[in-house]
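*Asks:* Now for the letters of each chain:
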Amino acid sequence: MTAVEPDAAPERDLALTVNGRRKRVRIEDRQLLVDVLRDNLGMTGTHIGCANGDCGACTVRMDGQITKSCLVLAASAEGADVTTIEGYSPRGTLDHVQQAFWDLDAFQCGFCLPGHLFAVRDLLDRDPDPGEDDIREALRGNLCRCTGYVNLVAAAGEAARREREDQSP
Amino acid sequence: MTTTPTPPHSLRTAAEPDTVPDPPPGAPDLHETDGHQPLRRDGDLLLTGRARFVDDIAPRGLMHAAILRSPHPHALIRGVDATRARERADVEVVLTGADAVDLATPLPHFFEPSIVGCRTTEFRCLATDRVRWVGEPVAAVVATSLAAAEAALDDIVVDYEPLPAVLDADEALREDAPVLFEEWGDNRLGLFPFAEGDAAAKIAAAPHVIRDELRVGRQHVAPMETRGYVAEWEPGGRLTLWASTQNPHPLRTNLATTLGVPEDRVRVVATRMGGGFGHKFNGYGEEPLVCLLSRLADAPVKWIETRKDCLLVGAREFTHRFEVGFDDDGVVLGLSDRIVGNIGCLAPWGGWSMTFPAGMTFPGPYRIADYAIESVPVVTNKAPWNGFRGYGKEQAAMALERIMDLVAEHRGIDPAEVRRRNFIPPEAFPFWTAAKHLDSGEYAAALDKALALAGYDALRERQAAALAQGRHLGVGIGFELTPEGGDFAGSFVRGFDTSTVRVHPSGAVSVLTGVTSPGTGNETSIAHLVAREFGIAVEAVGVTQGDTDSCPYGFGNFTSRSLATGGAAAVLAARELRERMADAASALLDADAADFEFRDGAVVSRTAPETSLTFAELAETIYRRGLAAPGLDQPLLEVTRIDLPHNFHHVPDDQGRFSAYPSFPYSAHVALVEVDAETGVVEVLEYSAIDDCGVVISPGFVAGQLYGAIAQGIGGALWEEVPYDEDGAPAAETFKHYLTPRAPDLPSFRLEHQHTPSPFTLLGTKGAGESGVGGAMAALLNAVNDGLRPLGVHAHRVPLTPPVVLDAIVSGGAP
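Heads up: the protein sequence lines correspond to chains A and B, in order. In terms of full-length UniProt numbering, the first sequence has 58 at position 58, counting the first letter as 1, and numbering is strictly consecutive. In terms of full-length UniProt numbering, the second sequence has 630 at position 630, counting the first letter as 1, and numbering is strictly consecutive.
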């Protein structure tokens, strides 16, 4: 029995910045960004919930835009500046959104957190005083199966309040 | 609100003590709910992406598995040719069903059907001669990459001979239906009857009778993390399986059996779970399969369930055909419901038995002397069920609450009032039904609180005002009784659990427990309870769960029992240790042991507060001087306990009554919806609920459980369904088809609590977690029907998707 060599998948070098550090990795052209982040770069905080763009658990910030990394071919991230949940806040610190999520019990299993954190951060960067409908709309692209979104929505509002308080003299 | 019924004595066996023990002197009041709870453990790890789930486990040399699944709902396998797949250079192992027969025994059932008088059969980890559902595993490949493994599946040729398939349960019960398991003769797995009195006679004699039908579509759990397993064998033949599982110890036992490995040489590590809800009960063929593949590949092997494969797993497809007789005042005189559950194909998974509580939960919170319920599990050529939060109890809630509303509509009485007239009154507890010994309850009070919270009267006024403008608002009540903590002797679905408490020389405390957390927070609550017993900071208490090498044998996570069992066991162990430590303090400080209290990190004499040691000093002294100093004669600071049996009645009484569930939380729900009569779209506008799960240890976590349960109930009532196409394949393969609620789909829920302690459990708790699913489904079902009422139609099918609602409007709502 002779072994059949599979067609070699085309490969390339990819250079990108992840959480402020420049990385160069050898990838297959067919790899998704989420797989490169998880498997090649060890950033396993980015989760795969559906591999279809529906759930948001793989959300990262890419060149300033929150992005579902399961919908991005890694090869297209050449030169990109990517922030994952590991780099969402400086190491050893929690920002107001993270702390409010914890204080208000906004998550249970926590698997969906990348999507919800980045979505709320993105909202507050645009609108420091969002209403409940704004918050719910901002979370539309993410699924949570544990919380019914009640505490997530409340925590987003609380994070906004704390940030406004911080910024007022 | 507190009731203190007297536990019955005559119906208990000697092994079942009647009352919870008195707390030792100085112990904290376990029924005290001060509203304080620590923050969720490991929240910072989760919030910074540093928590590890099963897919984050990657031992060196890891290989990847892919599974070939049946494209047919029913077919004979005439042959499997894997030659070409085996020839691929990047493929390490190809395993077919025929290969696997000699390598693994049939799979133990999560819940062996014959225990409860049902038919049964044997299953292998891969199909051998016949497939019975689209998605059934047929062969598996291990390769150096997942892409290579998946590509190699295309090189496996299976010669199928398609057979006639049956997808509908009613059709499956016909005499000429294709039979899934020929040795059974038909497709009926079993029959669960629950009856008291003479329902038929009472219905026949009743002044008013309603007959109706309710159909519930096939639904699915959808945890955000799918299942997954990583297996690795050490050279000495020791197996480690990292698994996203709710039952690590029973899984270890089953792997030892299936693979023929001594149980002590198998380690199962239940990794941090990204949601369970029943999906991760054990019994899946992939569990031993991944271990086998790893052994054959001589390398660690990972398999992670795809979302499409996850969506194969079903639940909740029931049909109710009910009949209710009642008097002019809306008091129910007799009730029958014939329930048929389309359980898909039987499997060793833990889902088919949801048909048991679906019937057992009747007649819910209502005092109905004469009822006859039959629940019939029927196999079809759909994929099997596994557990889904609610576990069938939501079926009873939907049917009973629909019945209450139909009676109310018939008599022109407010639906809340009809419920009040039928509730079991508080003074009647403990209360027996055919298969439940209800602990305690203040049902009418909970309903009235929910109505007040919702502003029920104002909602009715708004409804009338909206109708005048041609808008259809609907107000729906749902009351749910939720049996929790079930104990099924003969299976590993047990109502007790085990915890070890260990005090270290430094004063640090470890709790090792057999219960696991799918994200509910019970590890935080258990630490909180043990810290309270010792009067030390909660941060000083570590909790280890899910690792069979370190934790005592336990049953994991199901039926909302973790705190009432594992938590109670930890409290009992901590109390025993505290007594030992008080005895040691007594010897060291020459004071009466009973005089010591444990508070603020110290062991202090009540009468002479200057007589004290820190908790850590005392612990270290016992280790350093135990058996050497006078009075220090018990230096073992480690105790393992199980929780005490509580309100289980396994032996039927003289009337044949038994109770496999010990605790009965309940909740009352009020929903406001708007039904668009043009499009059939339902919008949820407002939602209020009251829950009562007895004593609450961590109010925030209990509220979180309710919020999640309500959202799952609303999703199930309105949107979630896995339809099958005419070829017998599931049509929902992604979250674009299976519509779980998103944030803009839901309002904020108003939630308040009532506390009627269980007189039977150590902590007074009743179990929290599942309660809320059925109440929400019922409230939405009634709210939509209430909105349709001015149109003169009823909707009889769940989920109430726009086509279902429109169909009700167009067809006039005939069932």
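Hints should not be assumed to be uniformly reliable.
Stated by the list, open to error - Computed Cβ-Cβ distance ranges for the label pairs, DEER-style:
1) A:G131 <-> B:K736: 22 to 32 Å
2) B:K736 <-> A:E132: 45 to 55 Å
3) A:D166 <-> B:H650: 52 to 62 Å
What the hints assert, rightly or not - Stretch-level coverage of chain B by chain A, calculated; a stretch enters the list once three of its residues show a Cβ under 8 Å from a Cβ in chain A:
4) 274 to 282
5) 508 to 515
6) 575 to 581
7) 736 to 749
Unchecked claim - Short derived list, chain B residues pointing at chain A, Cβ under 10 Å:
8) L39
9) D56
10) P59
11) E225
12) G708
Calculated from the structure, these hints are not laboratory results. Built from N, CA and C at the ideal position, the CB exists for glycine as well.
*Asks:* Please name the hints from earlier in the document that this structure breaks, with their numbers sorted from lowest to highest.
*Replies:* Structure breaks hints 2, 5, 6, 10.
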